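S.K.: If you read the sequences in order, they're chains A and B.
The numbering of the first sequence is this note's numbering, which starts it at 1 and goes up by one.
The numbering of the second sequence is this note's numbering, which starts it at 1 and goes up by one.
Where hints are given, some of them may not hold.
A pair holds if it fits inside one copy or across any two, identical chains being indistinguishable in the list.
Stated by the list, open to error - 20 Å max Cα-Cα, derived EDC-like pairs, lysine to aspartate or glutamate:
1) Lys241 / Glu228
2) Lys116 / Asp78
3) Lys210 / Asp191
4) Lys241 / Glu133
5) Lys241 / Glu17
6) Lys241 / Glu230
7) Lys241 / Asp10
8) Lys210 / Glu193
9) Lys241 / Glu211
Hints are computed from structural coordinates only; laboratory data are not their basis.
As the structure is a computational prediction, the values presented were derived from the model and not from experiment.
Protein chains: 2
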Amino acid sequence: MHFTSEQRLDDGILEREFTLGEIPGTLWTPGSAAPAPLILMAHNNGLPKAEPRLVARARYTAARGYAVATIDAAGCGDRPRSAADEQARADLRRAMQAGEPVDEIFESFIGPLVEKAVPEWQTTLDALLELPEIGGPVGYSGGWTALGIRLAVVEPRIAAAGFFAGGYVPRAQREEARQVTIPLLFLLQWDDEGNPRQRALDLFDAFGSKEKTLHANLGGHTGIPSFELEDGCRFLDRHLK
Amino acid sequence: MHFTSEQRLDDGILEREFTLGEIPGTLWTPGSAAPAPLILMAHNNGLPKAEPRLVARARYTAARGYAVATIDAAGCGDRPRSAADEQARADLRRAMQAGEPVDEIFESFIGPLVEKAVPEWQTTLDALLELPEIGGPVGYSGGWTALGIRLAVVEPRIAAAGFFAGGYVPRAQREEARQVTIPLLFLLQWDDEGNPRQRALDLFDAFGSKEKTLHANLGGHTGIPSFELEDGCRFLDRHLK
Numbered sequence: 001m002h003f004t005s006e007q008r009l010d011d012g013i014l015e016r017e018f019t020l021g022e023i024p025g026t027l028w029t030p031g032s033a034a035p036a037p038l039i040l041m042a043h044n045n046g047l048p049k050a051e052p053r054l055v056a057r058a059r060y061t062a063a064r065g066y067a068v069a070t071i072d073a074a075g076c077g078d079r080p081r082s083a084a085d086e087q088a089r090a091d092l093r094r095a096m097q098a099g100e101p102v103d104e105i106f107e108s109f110i111g112p113l114v115e116k117a118v119p120e121w122q123t124t125l126d127a128l129l130e131l132p133e134i135g136g137p138v139g140y141s142g143g144w145t146a147l148g149i150r151l152a153v154v155e156p157r158i159a160a161a162g163f164f165a166g167g168y169v170p171r172a173q174r175e176e177a178r179q180v181t182i183p184l185l186f187l188l189q190w191d192d193e194g195n196p197r198q199r200a201l202d203l204f205d206a207f208g209s210k211e212k213t214l215h216a217n218l219g220g221h222t223g224i225p226s227f228e229l230e231d232g233c234r235f236l237d238r239h240l241k
Numbered sequence: 001m002h003f004t005s006e007q008r009l010d011d012g013i014l015e016r017e018f019t020l021g022e023i024p025g026t027l028w029t030p031g032s033a034a035p036a037p038l039i040l041m042a043h044n045n046g047l048p049k050a051e052p053r054l055v056a057r058a059r060y061t062a063a064r065g066y067a068v069a070t071i072d073a074a075g076c077g078d079r080p081r082s083a084a085d086e087q088a089r090a091d092l093r094r095a096m097q098a099g100e101p102v103d104e105i106f107e108s109f110i111g112p113l114v115e116k117a118v119p120e121w122q123t124t125l126d127a128l129l130e131l132p133e134i135g136g137p138v139g140y141s142g143g144w145t146a147l148g149i150r151l152a153v154v155e156p157r158i159a160a161a162g163f164f165a166g167g168y169v170p171r172a173q174r175e176e177a178r179q180v181t182i183p184l185l186f187l188l189q190w191d192d193e194g195n196p197r198q199r200a201l202d203l204f205d206a207f208g209s210k211e212k213t214l215h216a217n218l219g220g221h222t223g224i225p226s227f228e229l230e231d232g233c234r235f236l237d238r239h240l241k
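Isolated chain A, as found in the complex (with noise of 0.2 Å):
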């Protein structure tokens, strides 16, 4: 893990970028002294990690006491894609405008990214445990619920995941859903245009956890209110604290 670049924010939270191999990742970690319980923070997989949106999350949640880690996995965010991904993407788009179903393409290339995401994040977790600023319990909090129920699956460190179903889960991980029994918070965009509502219901109610909690808000996709983002701290205090 090679530190790139390193910025101290004015909550004395310090900000670095790292490369490890080919991945490219951001370490947020707290002005305090102590070791801190890392948060794996993924993100929808056509965005970067430098996304204002994921930033502002991860930043929030280590002025919380949290070292917060991002990456972007192999075609996700600013990463080259391949020609599959790219006909995938067009395909996508042509449909959409088409007004024509798109479970197919998406299950096309989601499930792949997701099985390519998994063992650099596992690589990035090996790595970031290693440092002497992170140490206890990890959580995962992120818009991408493929990757995270994936992970929760294969990954017995991830101790509690906040998920938000905002994006398209493919069926094998809608499947292992109920392979997940670790704390669960489980967000839902009532009137997620992209997102059928009942399919996300069906999602919340198949994952094994037996402790699990639905927030649902009124609004589309993007119109997360600001008061989930103390509640999803409040989550992972409880769990990882």
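We have chain A; now place chain B onto it with these hints.
M.R.: The following block gives chain B in isolation, referenced to the frame of chain A:
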């Protein structure tokens, strides 16, 4: 309004029993001198105002700086029931034991109970707002959602409401849910034995409020996690303080 007993609790909260004509009530006020916003805290109509979970919720909310009041409205709690009500409750028990449908039985007595309760809650509200220790906006927080809907529709002094989707809501209140436009927090137990999940989700969907939040947790009717108490107060803080 006549106070019939008072008790100073450890944390400075004053807990007073009162009567207002035939209406028995309890008022909790915080230790601070400034006028406190008022929370009307109603309960499942079958349970008395002294029920321990209600009292615990009221004391917690008072410790957060609210005046909290509850009453046993006509036919509710410890107050005498009409012969028709007693008959309906006997019919209900018999039908439940036999595994028969109970909606029409609920409809026959919950609807009239709401109609009788609303003016008594309004009379109580009038009297409470005369007290110098109470001031500012009014909220509703309670397990009796049908009463809360009716009060929110007819009572413009109520500025925000927390509902628990845990009981039968008559057709009249399901219909007028769309007339409720104040901010709402709607609490649902995902596996509530006596309350069909889809009906609760439909009710949440029906509310006319622009700002409404659903919190759903795994578990049965009485399994609401303790952190929802804090979440409920944070919701009230956002709208009443």
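S.K.: Looking at the structure, which of the earlier hints fail to hold?
M.R.: 5 and 7
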